[in-house]
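Letter by letter, the chains look like this.
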Amino acid sequence: MKHDRKEKNRRKSTILFLAAAVLILAAVTAAGIILEGTATETDFSRTNLAPGTGGLFGTDWMGRDMFARTLAGLSLSIRIGILTAAVSAVIALLAGTAAATLGRRADAVISWCIDLVMGIPHILLVMLISIACGRGFAGVVAGVALSHWPSLARVIRGEVIQLRQAPYILVAEKLGVSKFQNVRRHMIPHLLPQFLTGLILLFPHAILHEASVTFLGFGLSSEQPAIGVILSESMQYLTTGRWWLALFPGLALVLAVILFAVLGERLRQLMDPSSVHE
Amino acid sequence: MKHRLQFAGKKLIRMALLLLGVSIVTFLLMCASPLDPLQTNVGQVALGSMSPEQVARLEAYWGVDTPPVQRYLGWLGGVLHGDMGTSLLYRQPVLTVIGQRLANSVFLLLAVWVFSGILGLVLGVAAGAFRGKWPDRLIRGYCLLISSTPTFWLAILLLLIFSVWLGWFPIGLSVPAGVAADAVTFVDRIRHAVLPALTLSITGVANIALHTREKMIDVLESDYVLFARARGESETSVILRHGLRNVSLPAITLQFASVSEIIGGSVLVEQVFSYPGLGQVAVTAGLGSDLPLLLGITVITSAIVFAGNLIADLLYGAADPRIRRGAARE
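Going line by line, the protein sequences match chains A and B.
Residue numbers for the first sequence follow the numbering used here, so the first one is 1 and each next one is one higher.
Residue numbers for the second sequence follow the numbering used here, so the first one is 279 and each next one is one higher.
Be a bit skeptical, because a hint or two may be false.
Listed next, the in silico DSSO-like pairs over lysine-lysine satisfying Cα-Cα at most 30 Å (straight line) [to be verified]: (1) Lys411/B - Lys493/B; (2) Lys493/B - Lys288/B; (3) Lys289/B - Lys493/B; (4) Lys12/A - Lys493/B; (5) Lys411/B - Lys12/A.
What the hints contain is simulated information worked out from the structure, not anything from laboratory work.
This is chain B alone, in the form it adopts within the complex:
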């Protein structure tokens, strides 16, 4: 147990260092940008008609003249006190904006994560078990097709089919026209989340299924499966008792590693469906050069990804006694 705690502690320190790195890299990239936040948000014409004092005040607001190191240290000091600064575009604390948007996205992301994970595992196991036969070919073809399809185009296609032609789902806006934002019913929310969730699930399955298939094939060619077959175990029993068990380990890693991919996909999908989630606000912040907000989003999504990896590492040990002992011995 002590070793397990040590292992987890080491991972946590590494994670904190990585997050620090992420914030520095993000900050440097935003600072290196030649795009003038005043030009992009206020506009050339408006800037020209302003008095020098007004421009100076705006520059101070966007932090143009403060040296980067000072700005970064100020930001870091704030974060340690639980304050991620104020969004320049929304004029609200960054944490409030992210919290609101994340609350909208979390439901969508979780649904997609669970659904694509389970379906991917099932498809992967099926493809591996039927290696070379038609179910395998079908699943592999599907995976190839989907992993070659841009997520946003798939989203556009689904929008075209289900919203424009069939009219089953609304076209955008998670708040219907003429309804106050807090009067939106739960059913409405779900109706708006169906298509984004469907798009992300369709794309999320491919990667997991392909990797699971590889593992399944490895397992089915191992000596212990040969022995099990020689003992006369039926094919179903081999797959359920030997295949699934051994595939479940890499499946855990895959499942948690897919978090990053799903968040990335949600940026695109939310943009197409104008779903007011974290991804959409990231695009807005990026286009408007809103440094504090984009920095906050990057750090928080990276923290989610790293936390996913950490959980996978810990679960790996919990699921496989060999790894547990190996980690303890280190």
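Next up, chain A with everything else stripped away, as it sits in the complex:
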């Protein structure tokens, strides 16, 4: 087959992209933590400045630098996103494997729970869980973490059911390997790639829902520099023409989410045997 040497192969370019994306996201997270002090600094001599004269992203009505606030908010969002996506994915893994291996009754119960959680409109469920935990940081984390597992759990359940009929698993069973050993030594290594990509593809949802719920007033409190808080405050200043309060923080959030989404998609293509040679 003719092969163009100049063209890098997909695996290499994906790994490069992966490294770059992780680096950017890590840099944003770190910068946000460092800038958290600057983000809350008020300076009433320079309020409501448009971008340009008032720094990169302008300043708000309290003279806070919007660039610092955006970075701090983004950093907080990314940290919450990682935490909640990880918790969600672990719940999904446990629920999915349990449904597929612990017999019909467990399967019925877990499938019922999945249907239940998927039946309540997502944002309402996050709101409800957040209220149950008293809103604030704990509310938002619990709400997002406890509501994102069903779809991934369903995927894992299907995969494990298929896997159980695989010859090598059947052989292991016949050889007297215990159920637990079988799950740990044969199933989890097979599931890991799918699980990891599912985990990364959960980030965008988690971050978006965190911002949405905070925007509605059920999440982080207004002192925290969260993107949802910034945007909900900016709503009051829209009619007076202060567009930069809403535009840049939102844009930054979109970019971060896209980065995560593309990262997950690339990883999925690379790990999925059916598309790895595309």
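Please build the complex by placing chain B on the supplied structure of chain A, with the hints as guidance.
Okay, now just chain B, sitting in the frame of chain A:
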């Protein structure tokens, strides 16, 4: 036919059980909340200046001292008689509040549902048919961008562009200032619904288009399409006769599954545009710890979602004879 009825009956029982589960979960979550409804609605200062009797009466009104199980059973008994209790914030029966708001939202939601479904299907089929070429790249890029965009930010952007800069649409309030609520004309209502509907449609398309594209690619790689091409059928005929037909099945499921997403999006969008629909009242009820109202909203929206799934299941059988026979054999 008998089997079909049995199938539908089983699904209905499952749906009723799920709704019961939804109400219990919602109730438990609201009860577990450490937020004191008196503190949030009456305020610390006002509470401090009240006599103990007044506080006790308020506590009885908000149901603070009644045990949860008793409250839930009381609520459930009421629901079976068609009474969902009284909203604590609006001081009206929950069903009246929800009915009013739902009437406002239904128009918006239906328009979005139909529009995003059709556009999503068309875009998905187009992307699948042009796989790897520029229309596909364009549509996929659009879907990626939109699914990474928070709905409420998009709403803010549209508000900024069309209402503040261009002044084409009103900024909020579905009742214009200085006009009585019942004097609002139909045209006014539509003018206020355009931007929310546009926002929800823009976001609703992405998911449907991406899934339809996947299905379309699967279909176009199947043996029967290969055979059709070998017979010399034109590409348009292949797409219309084989692609669209086979994609229409998953499209039905997607269309009905998107109900949940649209309702969720409407919560955010109605908040931004201060559109007096069900979503806005859900946020108000949540912030004010209005248990009966929030419980009612959750149960009714979940019922809509489950009904959507049920219709999809039934339509699936109606559209595909193989599934019909499979369901009958079970």
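Hints, verified against the model:
no. : hint                : result
1   : Lys411/B - Lys493/B : 17 Å, holds
2   : Lys493/B - Lys288/B : 29 Å, holds
3   : Lys289/B - Lys493/B : 26 Å, holds
4   : Lys12/A - Lys493/B  : 29 Å, holds
5   : Lys411/B - Lys12/A  : 23 Å, holds
Going through the hint list in order, the structure satisfies each hint without exception.
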